[in-house]
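> Please construct the entire structure, taking both the sequences and the accompanying hints into account.
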Amino acid sequence: MIKRVIFKGQLLPLLLLAPQLAVTAVFFLWPAGQAIYQSLLQEDPFGLRREFVGTENFDAVLNDPLWLNALGNTAVFSVSVAALALGVALLLAVQADKAIRGANLYKTMLIWPYAVAPAVAAVLWLFLFHPSIGLIGRALNAAGVAWDYKLNGGQAMLLVIVASAWKQVSYNFIFFLAGLQSIPRSVLEAAAIDGARPFRRFWTVVFPLLSPTSFFLLVVNLVYAFFDTFGVIHALTGGGPGNATETLIYKVYVDGVQNLNLGASAAQSVILMVLVVGLTMVQFRFVERRVHY
Amino acid sequence: MFTRRIAIAAGFAAGLAALPAAAQQPVEIQFWHGLAQPLGGQLEQIVADYNASQQRFRVVPSFRGGYPETMVAAIAAFRANTAPHIVQMFEVGTGTMMAAGRAVRPVHQVLADANITVNFADYLPAIAGYYQSTDGQQMSLPFNSSTAVMFWNKDHFRRAGLNPDEPPQTWEQVAAAAQRLKAAGIACPVTTSWPAWVQVEQMSALHNVPLATQGNGFGGLNAELAINNPLMVRHLNNLMTWQREGLFRYGGRDSAGDALFPNGECSITMASSGVRSRTIREARFEWGTAMLPYYADVAGAPRNSIIGGASFWVLNRGPQGGATGGRSADEWRGTAEFLAFLARPEVAARWHTETGFLPVTRTAFEQVRATGFYQQNPGADVPIEQLLRGGGQMTENTRGIRLGGYVEIRNIMQEEMEKAFQGQQTAQQALDAAVRRANVVLRNFERQNRN
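As you go down the protein sequences, you meet chains S and B in turn.
Okay, so the first sequence: first residue is 1 according to my numbering, each after it adds one.
Okay, so the second sequence: first residue is 1001 according to my numbering, each after it adds one.
The reader is advised that the hints may include incorrect statements.
Some chain S residues well away from chain B (every beta-carbon gap over 12 Å; in silico) [what the hints assert, rightly or not]:
no. : residue
1   : LEU11
2   : ARG50
3   : VAL116
4   : ILE174
5   : SER186
6   : GLU189
7   : GLY195
8   : PHE202
9   : VAL220
10  : LEU262
Simulated DEER-style distance windows between Cβ atoms [to be verified]:
no. : chain 1 : residue 1 : chain 2 : residue 2 : range
11  : S       : ASN104    : B       : ASN1377   : 58 to 68 Å
12  : B       : GLU1069   : S       : LEU17     : 37 to 47 Å
13  : S       : LEU68     : B       : GLN1179   : 39 to 49 Å
14  : B       : GLY1101   : S       : TYR37     : 14 to 24 Å
15  : B       : GLY1040   : S       : TRP112    : 28 to 38 Å
16  : S       : VAL277    : B       : GLU1172   : 51 to 61 Å
17  : B       : GLN1179   : S       : TYR106    : 50 to 60 Å
18  : B       : THR1213   : S       : LEU68     : 53 to 63 Å
19  : S       : ASP59     : B       : GLY1322   : 51 to 61 Å
For the record, the hints were derived by calculation from the structure and aren't laboratory data.
Since this is a predicted model, take the numbers as computed values, not measurements.
Here a beta-carbon is modelled for each residue, glycine too, at the ideal position from N, C-alpha and C.
Structural data, given as structure tokens:
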């Protein structure tokens, strides 16, 4: 039976939709439109002289080796953050789902980091890993490891990945835990009776049943890694050393806000918008097919 | 319906505007600055003193984040027609502000319109000149200026068998001292803060070598960066070699390296003269202040160093301000009077002794000297002496830097230096890459600001 609600007239449905549409228009369509317009201009910072340059900003961005470098960094960074945050969260959720003493305490503690603002999280990691004032950073140097993320690009990337993933683990943990708890006991018991060992039960029963959750989290984590990790990178490395941790979103900020090069920055954000829309579409088309709801 | 509503709103606004006049309310002057505590509080104390000194105007200070954030906020406010009257702008923003055309009302004009004279000839030439137009007009009011100096750890020097009261004066002596310090078991003999400002900009000025063509950009927007010269290649090469040998440590961008000296890790650092107050507070060892080292074999070296810090710019209200800049005559008058207050020698002298920034005028310097401050605080006059080195006669390479988009260019220099210190490229490659990238920025800026 399909339940249908039919409104009389058109005013009421439009009115009910209006707040949502207004929010979308004001916070997405309007700024996005501005970005597209700005990306076609060369303008001085004060907005006193502007010149229409067509696609020149896009040409410059796409031929800029540093932008390509940022694209590569973003790919490494996003995939690593998503994989690490999802993997660790799943492991923790499976462990916390078992009947252990103090499970609630563990759960609460694991959810805590999510309440920490990105910049604050970055400062915590800085105090741990700073080569001269950080607890672990000093210990590493004392143990003979040449740890200096301010000069070693690989170490800097590792640090921002771990810090960003750490923050996201809590979020993933909540969803995985909820997903695990919604798996019917009877299915697991049936598998156990059929002689499936825990590991096999996990891969053949639990994991497929978790796939809607995993898929949702994959999308959210990639979007998080693309856009929401600005604070961590800004506070920890500022995109350096060299340009080793400069991601696409960070470069938009550097070029637009620090360097006041609005045209180039707008062109980059338009490209970023296209990339994320494309990525999400790919995920829904191809990955979603394998998802069992 | 709309016209009526506008009429009511206009009437209401007119009533509001009439109200202060009737109640003799002071005219408000918005003043944005980028100094965090404790400096910000000290600056706001000066503003409070000004407000207490008269009733006609009230200056409203407002902290807008660091220098870059303040710059961005002021530019955004100008575009939205709500620019502050006065904004503090760091020296790297100077090129951008100079080219800002009708966004800025030059300080000399604001003062002249109000019939107020400030004797800019009394300012130290390296300071006033940095903020003057090519024809010598004062575009912004210098206030908190610093320069880079060298600090050395006397305890470390003793441990290495070096004379603790004889800081190295040349780079050759720095390298020799660093060898001894390393041999004495010190992990970080030499470091630097502000890699681009100290090791590129100051080094160029000290050795009278151009940083950019067109007299470091003072001559026009068509300047090109010129740091891939033999002196800079040699210097960066030396730093890279010393880094490999464990004599030099890269401390990070901008002020990130500041911490390495007061905590006793590094024996010698080159940093802003403002690090002095932090070192007094934090250092648990004996230390001294000296002038920046130079290469003895470069003819004419050392010249004066150049400044850092910030100056105060007067902004029009917005793009549609017209001839009045969108502000009333009273507002302009108040702006001018506040600037004149800030330029008083006693204000400058007090700011210098309380904060460690430079005394910007000769009169302020003499006033402070007369109080015996420099006898009680040895080394506090080193930055001033260093600015006057070369007889106070500046060349076009030591006047300062006037390049648009310089915030970005400084970052480019730091990025390319980092890649060199990581061993990804040679000194020549790093400086060539910095020049190539910076010239793209300069050409974009030239294009955006062509009339």
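> Against this structure, judge whether each hint is valid.
Do the hints match the structure? See the list:
1. The beta carbon of LEU11 (chain S) sits about 22 Å from the closest Cβ of chain B, which is more than 12 Å, so the claim that it is off the interface holds.
2. Not every beta carbon of chain B lies more than 12 Å from that of ARG50 (chain S), the smallest distance being close to 8 Å; the non-interface claim is violated.
3. Residue placement check: VAL116 (chain S) keeps its beta carbon more than 12 Å from all beta carbons of chain B (closest about 21 Å).
4. Even its closest Cβ contact with chain B, about 34 Å, leaves ILE174 (chain S) beyond 12 Å, as expected for a residue assigned away from the interface.
5. Against the 12 Å criterion, SER186 (chain S) stays outside the reach of chain B, whose nearest CB is about 58 Å from its own CB.
6. Look at GLU189 (chain S): its CB is around 57 Å from the nearest CB on chain B, clear of 12 Å, so calling it non-interface holds up.
7. At roughly 56 Å, the least C-beta separation between GLY195 (chain S) and chain B is larger than 12 Å, which holds for a residue marked as non-interface.
8. Remark: the non-interface label on PHE202 (chain S) is consistent with the geometry, its nearest Cβ contact in chain B lying 43 Å away (cut-off 12 Å).
9. Listed as a non-interface residue, VAL220 (chain S) keeps its Cβ farther than 12 Å from every Cβ of chain B; the least gap is roughly 30 Å.
10. Not every CB of chain B is more than 12 Å from the CB of LEU262 (chain S) (nearest about 9 Å), against its label as outside the interface.
11. Distance hint for ASN104 (chain S) and ASN1377 (chain B): a CB-CB separation of about 60 Å, consistent with the stated range 58 to 68 Å.
12. The hinted range of 37 to 47 Å is satisfied by GLU1069 (chain B) and LEU17 (chain S), whose Cβ atoms lie roughly 39 Å apart.
13. For LEU68 (chain S) paired with GLN1179 (chain B), a C-beta distance near 42 Å keeps the hint of 39 to 49 Å intact.
14. Distance hint for GLY1101 (chain B) and TYR37 (chain S): a CB-CB separation of about 23 Å, consistent with the stated range 14 to 24 Å.
15. At roughly 33 Å, the beta carbons of GLY1040 (chain B) and TRP112 (chain S) sit within the given window of 28 to 38 Å.
16. Look at VAL277 (chain S) against GLU1172 (chain B): about 59 Å separates their beta carbons, and that is inside 51 to 61 Å.
17. A C-beta distance of roughly 55 Å is found between GLN1179 (chain B) and TYR106 (chain S), which places it inside the suggested range of 50 to 60 Å.
18. Range check, THR1213 (chain B) to LEU68 (chain S): Cβ separation about 30 Å, and the 53 to 63 Å hint is violated.
19. Here the CB-CB span from ASP59 (chain S) to GLY1322 (chain B) is close to 37 Å, at odds with the stated 51 to 61 Å.
Hint violations for this structure: numbers 2, 10, 18 and 19, all remaining hints satisfied.
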